[in-house]
Amino acid sequence: MNLRPCTWTWLVLMGLTLALLAVGKAGLGGVGIVTLVLLSTLVKTQLVADYFMGLKRARLLWRAIVTTYLLLVISMIGLAYWLSLF
Amino acid sequence: MQYQSQAVAKPYFIAAIGLFVGQILFGVILGLQYVIGDFLFPEIPFNVARMVHTNLLIVWLLFGFMGASYYMVPEEAETELHSPRLALALFWIFLVAGALTVLGYLLVPYATLAEITGNDLLPTMGREFLEQPTITKIGIVVVALGFLFNISMTILKGRKTVISMVLLLGLWGLALFFLFSFYNPTNLILDKYYWWWVVHLWVEGVWELIMGAILAFVLIKMTGVDREVIEKWLYVIIAMTLITGILGTGHHYYWIGTPEYWQWWGSIFSALEPIPFFMMVIFAFNMVNRRRREHPNKAAMLWALGTPVMAFLGAGVWGFMHTLAPVNYFTHGTQITAAHGHMAFYGAYVMVVLAMISYAMPILRGRAAANSEKSQVMEMWSFWLMTVAMVFITLFLTGAGVLQVWLQRISESAMPFMVVQDQIAIFYWMREVAGVVFLAGLVLYIMSFFVGGEEKTAQA
Amino acid sequence: MNSSVQHANGRYPPGDFAIWIFIYAELLAFGIFFLSYAFARANNVELFNESQLLLNRTAGAINTLLLITGSYFVVRAVAAIRDDKAQLCSRWLMAAIMMACAFLAIKLVEFYTKYQEGISLSTNTFYMFYLSMTFFHFMHVILGAVILAAVMLKARNGAYSREEHTGVETGGSYWHMVDLVWIILFPLVYIIR
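Residue numbers (the numbering used here), protein chains in the order written: chain Z, -17 to 68; chain G, 225 to 684; chain X, 142 to 334.
Be a bit skeptical, because a hint or two may be false.
Far from chain Z, by Cβ distances over 10 angstroms, these chain X residues were calculated [stated by the list, open to error]:
| id | residue |
| --- | --- |
| 1 | A183 |
| 2 | D225 |
| 3 | Q228 |
| 4 | R232 |
| 5 | C242 |
| 6 | K248 |
| 7 | T254 |
| 8 | I260 |
| 9 | S273 |
| 10 | F276 |
| 11 | F277 |
| 12 | I288 |
| 13 | A290 |
| 14 | T307 |
| 15 | D320 |
Mimicking BS3-like on lysine-lysine, the simulated pairs with C-alpha atoms at most 25 angstroms apart in a straight line are [to be verified]:
| id | chain 1 | residue 1 | chain 2 | residue 2 |
| --- | --- | --- | --- | --- |
| 16 | G | K522 | G | K445 |
| 17 | G | K234 | G | K384 |
| 18 | X | K248 | G | K456 |
| 19 | G | K456 | G | K234 |
| 20 | G | K680 | G | K598 |
| 21 | X | K248 | Z | K38 |
| 22 | G | K522 | G | K598 |
| 23 | Z | K7 | X | K248 |
| 24 | X | K255 | Z | K7 |
| 25 | G | K381 | G | K456 |
| 26 | G | K234 | G | K680 |
| 27 | G | K445 | G | K456 |
| 28 | G | K445 | G | K381 |
| 29 | X | K295 | G | K384 |
| 30 | G | K445 | G | K234 |
Hints listed in this document are in silico derivations from the structure and should not be mistaken for laboratory results. We treat Cβ as the ideally placed atom computed from N, Cα and C, and that holds for glycine.
Could you put the whole structure together from the sequences, leaning on the hints where they help?
Structure representation (structure tokens):
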């Protein structure tokens, strides 16, 4: 199937979101699940940045700022979650 | 001077400087009273000196903003001022009203002042920075409306630029928020809640718009950089100001009896308030770096670059240090606050007005673009004296504040207020020395206006 | 500036440079909110876990799907104008705005439900964050929709072309930011426990 890159991105994003809903409905929690959730969030946001915002084709600096931001925020959320387990 | 009517700016600038001197004289008096408590008592008690010091600051800055507007707007709008006569009339009204008010503070007991000015008809006196009698406040509104009318009509009939629109927005905002000084709820929490609608939304809100517009104007004139570039920066800066500053008001709502969520909102948004100041630093240096001309007014250039730096340090950095609720819980109402307040006001508003005066005054006095080398050198010395003195004032007050917080609030064996004041007196003495140096710088600044000499031929 | 040439150079991100400063600032603001929530949660785990159960995860998920789809439509709109198809561009934008409106409607129902249940900013720390953050985001969705609407009208009136369509990219970039922050917000507030 010859879909535009943005359409592929959209499908992946939708799929990951539905998976997230499933996790939510099942009330799942814990380090493993949360790690998966956060990784999936990182993937989703990076996809939006790369293919929707067009940063993949822009000069590295602009993309790097967003990626750094995502890594920082999401990993800090992970850290906070890990701390909450004690 | 491109337009004749820009000349009305001159009396405003002169009054501004005059009142600035008054403010600093009283500042030096206050500084001494911190350590010699009955200095000038009972003729000028501490609370009276303080009112004079703070009120003069605000009034001279207002004169500065008005003068700056009268100078900028005709040039931006490319048309003469709507009514120079109105501008001059309002000048005298404002000056006389201000002088009478300050005399009222000094010569008459405050309660008597309230009585003779009919405060009981519409009570607005008795709050910090808003000590003016109700009739003075009404006078301020009248003067402000007249000023706004004049400036707005000028812009309406001429070219509308981003700079003049931002300035106008800031000035209208200034007037609008001042109206809250008339609102005096009996509930103490609401009283304090709305008091900040004047104070915070002024200095961490609409005044920043005014500052941005003035700075942008001075930079365009002196660097020759494309207006479009500067305008874009200005948009971003004021957007950040409003976004961070409006909800940032919450950092004054931590402990006054408002709901707890303000501790979160206030912390989160006010933490971002340094951003527009940081942007102003980048903006100013960037513009100067890519300048297309070597403007002969080096002194004005120094003020224009120094302003965002000191504003960022005083308002941004020092502000950030005590803005988060968990920190503010301990530092609230201490010398930390005073340290921040002094550097912030000086860096942001005093310096931007002085930058404008530095740029415009030579032209208003008939020069092509700048004063003589000798005059500029003296002015630049005064810049460094005042600025470095202010840095030291701030550092000493920060020292005082840290020690105060430790001894009075954190330490296991916390000491009472007055005992702690004795302990931090050494910082107050040092602050006073710095204050006297500041005054010396100001004197040098005044002297620079009287140094003549040939203007260096301006380069294209 | 000729934006398609710009883009071919790959030098600047799409849209006006100024909007990107704005976007970064917005990301920073939301980022601080997210981290404040995450660390506040660490201090109140039971409270947060308990209160979180009362949220409507399906509504949140649907809202996520709506925003993502809206972003997709915006990308299609930009592609259309790059192909000089102004009317098609405005139709894609209209579709995106519809997604935004649906989001707002569902969110309003969520807010109303909570209000009916007697929950407010002062109920507890979790709800303070939930209401603050989603309301803050709500306002951004409104702003984003307004921006898209303005761009849509201009596109329909022929203001943009293959050569000059910076406005579409600028508005689009802002919209994507609104989507991006929600993609973090949803799992953070609704799911992670």
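Okay, the hints, checked on the actual structure:
1. A beta-carbon of chain Z comes within 10 angstroms of the beta-carbon of X/A183; the shortest separation is about 4 angstroms.
2. X/D225, annotated as away from the interface, keeps every beta carbon of chain Z farther than 10 angstroms; the closest lies near 18 angstroms.
3. Separation of X/Q228 from chain Z is adequate, the least Cβ-Cβ distance of about 20 angstroms exceeding the 10 angstroms criterion.
4. With a closest Cβ-Cβ approach of about 16 angstroms to chain Z, X/R232 is found to remain outside the 10 angstroms limit, as its non-interface label requires.
5. The non-interface label for X/C242 is consistent with chain Z: the shortest C-beta to C-beta separation is roughly 19 angstroms, beyond 10 angstroms.
6. With a cut of 10 angstroms on Cβ distances, X/K248 stays outside the contact zone with chain Z, its closest approach being about 16 angstroms.
7. Here X/T254 stays apart from chain Z, with its beta-carbon at least about 17 angstroms from theirs, past the 10 angstroms limit.
8. A cut-off of 10 angstroms between C-beta atoms confirms that X/I260 is not in contact with chain Z; the least separation is 19 angstroms.
9. At the 10 angstroms boundary, the C-beta of X/S273 stays outside the reach of chain Z, the nearest C-beta of that chain being 17 angstroms off.
10. For X/F276, the requirement that its beta carbon stay farther than 10 angstroms from each beta carbon of chain Z is met, with the minimum near 20 angstroms.
11. Every beta carbon of chain Z lies more than 10 angstroms from that of X/F277, the smallest distance being close to 16 angstroms; the non-interface claim holds.
12. Under the 10 angstroms C-beta cut-off, the non-interface status given to X/I288 relative to chain Z holds; the minimum distance is some 15 angstroms.
13. The non-interface label for X/A290 is consistent with chain Z: the shortest C-beta to C-beta separation is roughly 19 angstroms, beyond 10 angstroms.
14. Chain Z leaves X/T307 outside its interface by the beta-carbon criterion, the shortest separation being 13 angstroms against a cut-off of 10 angstroms.
15. A cut-off of 10 angstroms between C-beta atoms contradicts the statement that X/D320 is not in contact with chain Z; the least separation is 6 angstroms.
16. For the proposed pair G/K522 and G/K445, the alpha carbon gap of about 13 angstroms is at most 25 angstroms, so the pair holds.
17. At most 25 angstroms may separate the alpha-carbon atoms for a hinted pair to count; G/K234 and G/K384 meet this at roughly 24 angstroms.
18. Pair hint X/K248 plus G/K456 does not hold up; C-alpha atoms about 34 angstroms apart against a cutoff of 25 angstroms.
19. Our distance criterion of 25 angstroms between C-alpha atoms is broken by G/K456 and G/K234, whose separation comes to about 30 angstroms.
20. Restraint check for G/K680 and G/K598: satisfied, since their Cα atoms lie roughly 11 angstroms apart, inside the 25 angstroms limit.
21. Under the criterion of a C-alpha separation no larger than 25 angstroms, the hint pairing X/K248 with Z/K38 is inconsistent with the structure, at around 32 angstroms.
22. For the proposed pair G/K522 and G/K598, the alpha carbon gap of about 12 angstroms is at most 25 angstroms, so the pair holds.
23. Distance check on the hinted pair: Z/K7 and X/K248 sit about 19 angstroms apart at the alpha-carbon level, within 25 angstroms; holds.
24. Distance hint between X/K255 and Z/K7 is fulfilled; the C-alpha atoms sit about 19 angstroms from each other, no more than 25 angstroms.
25. Between the alpha carbons of G/K381 and G/K456 the distance comes to roughly 24 angstroms, so the proposed pair stays at or under 25 angstroms and holds.
26. Distance check on the hinted pair: G/K234 and G/K680 sit about 23 angstroms apart at the alpha-carbon level, within 25 angstroms; holds.
27. Of the pairs offered as hints, the one joining G/K445 and G/K456 holds, with about 16 angstroms between alpha carbons and a cut-off of 25 angstroms not exceeded.
28. A threshold of 25 angstroms between alpha carbons decides the hint, and for G/K445 with G/K381 the separation of about 22 angstroms falls inside it, so the pair holds.
29. For the proposed pair X/K295 and G/K384, the alpha carbon gap of about 23 angstroms is at most 25 angstroms, so the pair holds.
30. A C-alpha spacing of about 18 angstroms is found between G/K445 and G/K234, which places the hinted pair at or below 25 angstroms, so the restraint holds.
Hint violations for this structure: numbers 1, 15, 18, 19 and 21, all remaining hints satisfied.
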